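> Here is what each chain is made of, one letter per residue.
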Amino acid sequence: MLEVGNLACSRGDHRLFSGLSFSLHAGQIMQVQGANGSGKTSLLRTLCGFITPDEGGISWNGKPVGELGEDYYAELLYIGHLNAIKDELNALENLQMSAGLAGYTVTEQQAVAALKRMGLQRREHLPVRVLSQGQRRRVALARLLISDAHLWILDEPLTALDVGAVGLMQELIGEHLSKDGMVIFTTHQPLQVAGVQTRELVLS
Amino acid sequence: MNKLSLFGLLSLVIRRDLLLAMRRRADVLTTLVFFVMVVSLFPLGVGPEPEMLRKMASGVVWVAALLASMLSLPRMFSADYLDGTLEQMLLAPQSLTALVLGKIVAHWMLSGLPLVLIAPVLGLQFDMSAQALGMLVLALLLGTPILSMIGAVGAALTLGLRGGGVLVSLLVLPLCIPVLIFGAGAVEAVTSGMSAVSNLSLLAAFMLFALVFTPFVAAQALRISME
Numbered sequence: 001m002l003e004v005g006n007l008a009c010s011r012g013d014h015r016l017f018s019g020l021s022f023s024l025h026a027g028q029i030m031q032v033q034g035a036n037g038s039g040k041t042s043l044l045r046t047l048c049g050f051i052t053p054d055e056g057g058i059s060w061n062g063k064p065v066g067e068l069g070e071d072y073y074a075e076l077l078y079i080g081h082l083n084a085i086k087d088e089l090n091a092l093e094n095l096q097m098s099a100g101l102a103g104y105t106v107t108e109q110q111a112v113a114a115l116k117r118m119g120l121q122r123r124e125h126l127p128v129r130v131l132s133q134g135q136r137r138r139v140a141l142a143r144l145l146i147s148d149a150h151l152w153i154l155d156e157p158l159t160a161l162d163v164g165a166v167g168l169m170q171e172l173i174g175e176h177l178s179k180d181g182m183v184i185f186t187t188h189q190p191l192q193v194a195g196v197q198t199r200e201l202v203l204s
Numbered sequence: 001m002n003k004l005s006l007f008g009l010l011s012l013v014i015r016r017d018l019l020l021a022m023r024r025r026a027d028v029l030t031t032l033v034f035f036v037m038v039v040s041l042f043p044l045g046v047g048p049e050p051e052m053l054r055k056m057a058s059g060v061v062w063v064a065a066l067l068a069s070m071l072s073l074p075r076m077f078s079a080d081y082l083d084g085t086l087e088q089m090l091l092a093p094q095s096l097t098a099l100v101l102g103k104i105v106a107h108w109m110l111s112g113l114p115l116v117l118i119a120p121v122l123g124l125q126f127d128m129s130a131q132a133l134g135m136l137v138l139a140l141l142l143g144t145p146i147l148s149m150i151g152a153v154g155a156a157l158t159l160g161l162r163g164g165g166v167l168v169s170l171l172v173l174p175l176c177i178p179v180l181i182f183g184a185g186a187v188e189a190v191t192s193g194m195s196a197v198s199n200l201s202l203l204a205a206f207m208l209f210a211l212v213f214t215p216f217v218a219a220q221a222l223r224i225s226m227e
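Listed in order, the protein sequences are those of chains F and S.
FYI, in UniProt numbering the residues of the first sequence are 1 to 204.
FYI, in UniProt numbering the residues of the second sequence are 1 to 227.
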């Protein structure tokens, strides 16, 4: 369970949000909403520990994330605006390297299966450089399929994706939630997961 | 799903950086070609006086190695920073210090080790004796990892800054002066018939000291840079 209490965050002199409290339980999904510049990305990056909050605290299963450190990171999967993939490597290598950095190994079969599910069959061995923006995003999102993290933090996951891939994402998130996972995401596109109520957090 | 050990992570990061460099060879060659050019310019510039060349050989090679290693420093973390990989590295459930150490080792293998290997060939231009050449290689072997390690701290601190490339040199070069002094001093000692043990011991001590502290400091600097 992720609990956020009285969180405040500012960038420079500008206070983005303050007094923000919420908790997210297993199987729940929450969408962070707000205008451009309202601090959605900053909130997600604060949850990942990149930004130290001005006030308030974040705890995971009752313990402050600062104390948990690497144990918290093992439970967390973050996909940000940047895809974190290397142009020089092919999709398969990228996926295997990402898995390695996240602390586990995947077999080639697992990685190929994940890429296939993301609609990248027969693209596994192409350098990512020659893929389209949407396909690169799919390579980045394929990490969702090979990870066993409980908490997904997705910053604009649907950028550059086509209708089919958006449908696939809804499916993936639905599966993750049914396995007691948690998702926090931002998006400007509609994303509805069948059978699950999406909670909303509005930043103003 | 198999968990990756700390050593597994270290070797993964090294393999990854070497693989990336293999796919982008120009970057590695730039450092090496720069080193060869700078060293080769000196005999052309100061004239073919063997006595003088022999005297300045170790200093020239060391200064050139120092400058060449500065060339590749800004690239150490910047590519990972720009494409978001660095964010993922900070979220790795293993020690970031180990990860940074892996990047330092890979950086040395790509920018330090080639210099060590080519240095004896360049030394011949200066009419260095076989003994002096051997000592030059040994001193570089001890000294270049220190340059990569101190450089990592500078590169991490200046990450994402405009003009970071110049800034990192200004930051790191003064800290590398002891390496230059004792590295060149070791070769000097051998050519003048003295023992180079003290110089080498100091270099080795610097290296161990840097090995213990710089990966940790660079890791903290990366966290600060990502805010």
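Worth flagging that the hints you see were computed from the coordinates, not collected in a lab.
Errors might be hidden in some of the hints.
[Unchecked claim] Which stretches of chain F does chain S cover? Using the computed rule of at least three CB atoms under 8 Å from a CB of chain S, they are: (1) 37-51; (2) 67-73; (3) 86-98.
[Unchecked claim] Each pair of labels, with its calculated beta carbon distance range: (4) S/SER198 / F/GLU67: 36 to 42 Å; (5) F/ARG15 / S/GLY45: 56 to 62 Å; (6) F/SER132 / S/GLY160: 25 to 31 Å; (7) F/THR52 / S/LEU141: 47 to 53 Å; (8) S/GLN220 / F/GLN189: 35 to 41 Å.
None of these values were measured; they are calculated from a predicted model.
Just so it is clear, CB atoms sit at the ideal spot from N, CA and C, and this is done for glycine as well.
> Run every hint past the structure and note whether it holds.
Hint-by-hint comparison with the structure:
no.: 1; hint: 37-51; result: holds (count 4)
no.: 2; hint: 67-73; result: holds (count 3)
no.: 3; hint: 86-98; result: holds (count 7)
no.: 4; hint: S/SER198 / F/GLU67: 36 to 42 Å; result: 46 Å, violated
no.: 5; hint: F/ARG15 / S/GLY45: 56 to 62 Å; result: 59 Å, holds
no.: 6; hint: F/SER132 / S/GLY160: 25 to 31 Å; result: 27 Å, holds
no.: 7; hint: F/THR52 / S/LEU141: 47 to 53 Å; result: 41 Å, violated
no.: 8; hint: S/GLN220 / F/GLN189: 35 to 41 Å; result: 38 Å, holds
Violated hints, listed in ascending order, are 4, 7; each of the other numbered hints is respected by the structure.
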